Amino acid sequence: MADNFVHDAEYYIVELQNREKWAAEDANLDARLAELKEKHGTPPNIIHIMFDDLAFGDLGIPQMAAIRGFNTPNIDRMAREGAMFTRMYTEPACTPSRAAVITGRHPVRYGMGAVDWPLIFGGLGGDEVTTANVLSDAGYATAFYAKWHLGDIPESYCHNQGFDEALFLPYNQVSSIWNPIGDAMNAAPGSAHMRKDNYNEIDKHGLRGDGLVLAIDGKKGEFTREWGTPDPQTYEKVDPECERRLMDFVHRNVDEKKPFFVSYWPNLLSFAPPPMEPKKSFNGGTAAEALVRLDAFIGELMDELEKLGIAENTLLVVMADNGPMVHNPPSLFGMADTIFRGGKGDVTEGGVRVPAFAWWPGVIKSGEILNDMVHETDLFTTFARLGGATENIPTDRVIDGVDQTSLLMNGDAHGRRDWVFIYTGDTLGATVKGRYKRHWIGPESGEGAGTSAAFYDLITDPRETSPKLASLIYSSGQWDRMLIRHELWKEKYPDKPKARGIPFTGIENARPETKGIGDTLEQLRKELPFDPLDFIKFNMPESLKVTQKVNAVD
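So for the sequence shown, this note's numbering puts the first residue at 1; every next one is plus one.
The hints are simulated quantities; they were obtained by calculation from the structure and are not laboratory data.
Note that the structure is a prediction, hence the values are computed from the model and not measured.
Don't take each hint at face value.
Using 25 Å as the maximum straight-line C-alpha spacing, the simulated BS3-like pairs for lysine-lysine come out as follows [what the hints assert, rightly or not]:
id, residue 1, residue 2
1, K21, K433
2, K280, K237
3, K433, K515
4, K39, K258
5, K490, K537
6, K220, K257
7, K433, K39
8, K219, K257
9, K307, K365
10, K537, K515
11, K237, K220
12, K220, K258
13, K365, K21
Distance windows between CB atoms, simulated [to be verified]:
id, residue 1, residue 2, range
14, G367, R511, 45 to 55 Å
15, Q63, L332, 22 to 32 Å
16, K526, N392, 40 to 50 Å
17, E222, K257, 16 to 26 Å
Positions of the beta carbon are idealized from the N, C-alpha and C atoms, including for glycine.
Build the full structure now, drawing on both the sequences and the hints.
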């Protein structure tokens with residue numbers, strides 16, 4: 001099936017060499033998808049579950065789990081009855097990873113390449129097109145639940161980004177303790193500036209985050225409301241409520257015989273876990289305990305899909321958003337890199353190569369191990385293909401996602417990608433091509449002289465500890481041309497900054513302190529000799545971005 005949207009330059013190099021093979025595969029896939037639609041009455045339902053910060057090997061491989069001291073039998077079941085991806089690549093941190101998977105585009109293209117913190121005064125732009133937009137236009141019911149982390153302005157709210165209904169967090173998990181309760185627990189000592197009794201405070205605006213909203217409940221075209229209050233108690237209620245809503249959403253759409261797409265990106269981790277809760281794993285770390293709880297829900301969901309008779313018409317994808325937090329993690333999180341070196345924030349494999357699984361009984365072969373390369377942006381394009389919605393993909397911008405329907409339905413060696421560009425913020429950090437990898441940033445010497453030892457063989461050196469010079473320096477010209485093609489295409493389709501605005505406007509039950517964010521700014525604009533909103537239009541240079549220099553907790 002030929003598509004009309006714009007790919008990144010490297011795709012055309014690969015497609016040219018595989019055009020006839022892919023055309024034959026696509027004709028067969030179209031016929032099979034048509035048969036499935038006739039059998040079930042609708043195109044397939046799609047459920048995407050994505051969680052924070054986990055190393056490849058922690059899930060789906062019981063022997064590794066035994067070493068790590070926890071068990072996830074239901075995700076292991078997904079691997080046993082479905083497929084395990086061995087080369088699922090993501091962005092190296094939370095916000096960019098979520099932006100990439102929902103738009104099918106590298107976040108550097110629209111200003112979402114870095115982790116943001118409250119208050120952001122910005123987020124995902126309304127002119128971006130999400131999976132929910134594409135599938136809604138094809139007749140799908142769409143819902144989003146839990147950690148969005150893509151902005152705090154109205155156009156970035158997920159029910160304004162194509163989802164019919166949503167309960168979501170605009171920020172990350174740290175917002176649950178960025179308040180007086182978190183301060184009292186010594187869970188967030190950096191929030192001490194928020195204390196009302198700060199007797200020597202002379203700047204009442206300064207670093208304060210007054211008015212931030214923890215969770216938003218919304219329906220497309222109907223309402224936007226704050227859900228709960230910004231405190232640890234509300235935070236602990238979000239995931240259970242989202243799981244309840246997800247099950248209800250599934251039941252409603254089964255009753256209405258309507259195909260559905262739902263994203264559940266659980267908060268999973270808490271920076272202030274409930275006291276006195278019995279440990280469920282030998283590991284006992286925060287991450288392991290959370291995964292055991294999530295695994296139980298995934299098992300309930302799989303059982304319910306079978307009970308409803310829709311498992312064979314439902315694709316379930318479960319994955320991490322990036323590698324583990326191994327640099328300066330909170331106490332007792334218990335994360336570790338395993339097979340690959342590095343973690344969250346790194347361009348090494350440990351930062352961007354994550355555990356991922358797909359389950360679709362009767363369609364995906366049991367026990368399939370998919371060694372083909374996949375990037376999370378591919379899910380956007382693949383979901384659109386499965387939903388008969390590729391005509392809704394925009395054609396005025398580069399779509400980085402590649403259609404991987406053939407990989408899912410035909411199995412290993414039917415993938416359509418052999419390259420990945422790995423960004424850290426707005427900087428290209430590394431490129432992968434086949435089994436080899438080229439680091440563009442790092443401590444390797446000789447770059448200026450053209451003798452950099454920045455090449456790695458990911459088969460013989462998966463931890464990237466032995467850079468190659470003599471054995472791979474011959475390929476430097478090919479890597480350079482690959483990079484130049486990518487950059488020239490970016491000149492034709494230039495990057496743009498993130499959308500900007502006043503946080504939390506349009507919330508109908510906004511608290512006075514939330515309304516005060518905009519009110520205060522308007523008052524300051526009248527009284528200051530400069531416009532305080534000019535910072536909204538200011539694009540921070542890479543050299544000044546502190547969040548690019550440290551590993552961000554998100």
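Results of checking the hints against the structure:
| no. | hint | result |
| --- | --- | --- |
| 1 | K21 <-> K433 | holds (21 Å) |
| 2 | K280 <-> K237 | holds (19 Å) |
| 3 | K433 <-> K515 | violated (50 Å) |
| 4 | K39 <-> K258 | holds (14 Å) |
| 5 | K490 <-> K537 | holds (22 Å) |
| 6 | K220 <-> K257 | holds (21 Å) |
| 7 | K433 <-> K39 | violated (40 Å) |
| 8 | K219 <-> K257 | holds (21 Å) |
| 9 | K307 <-> K365 | holds (21 Å) |
| 10 | K537 <-> K515 | holds (22 Å) |
| 11 | K237 <-> K220 | holds (23 Å) |
| 12 | K220 <-> K258 | holds (17 Å) |
| 13 | K365 <-> K21 | holds (21 Å) |
| 14 | G367 <-> R511: 45 to 55 Å | holds (52 Å) |
| 15 | Q63 <-> L332: 22 to 32 Å | holds (24 Å) |
| 16 | K526 <-> N392: 40 to 50 Å | holds (44 Å) |
| 17 | E222 <-> K257: 16 to 26 Å | holds (23 Å) |
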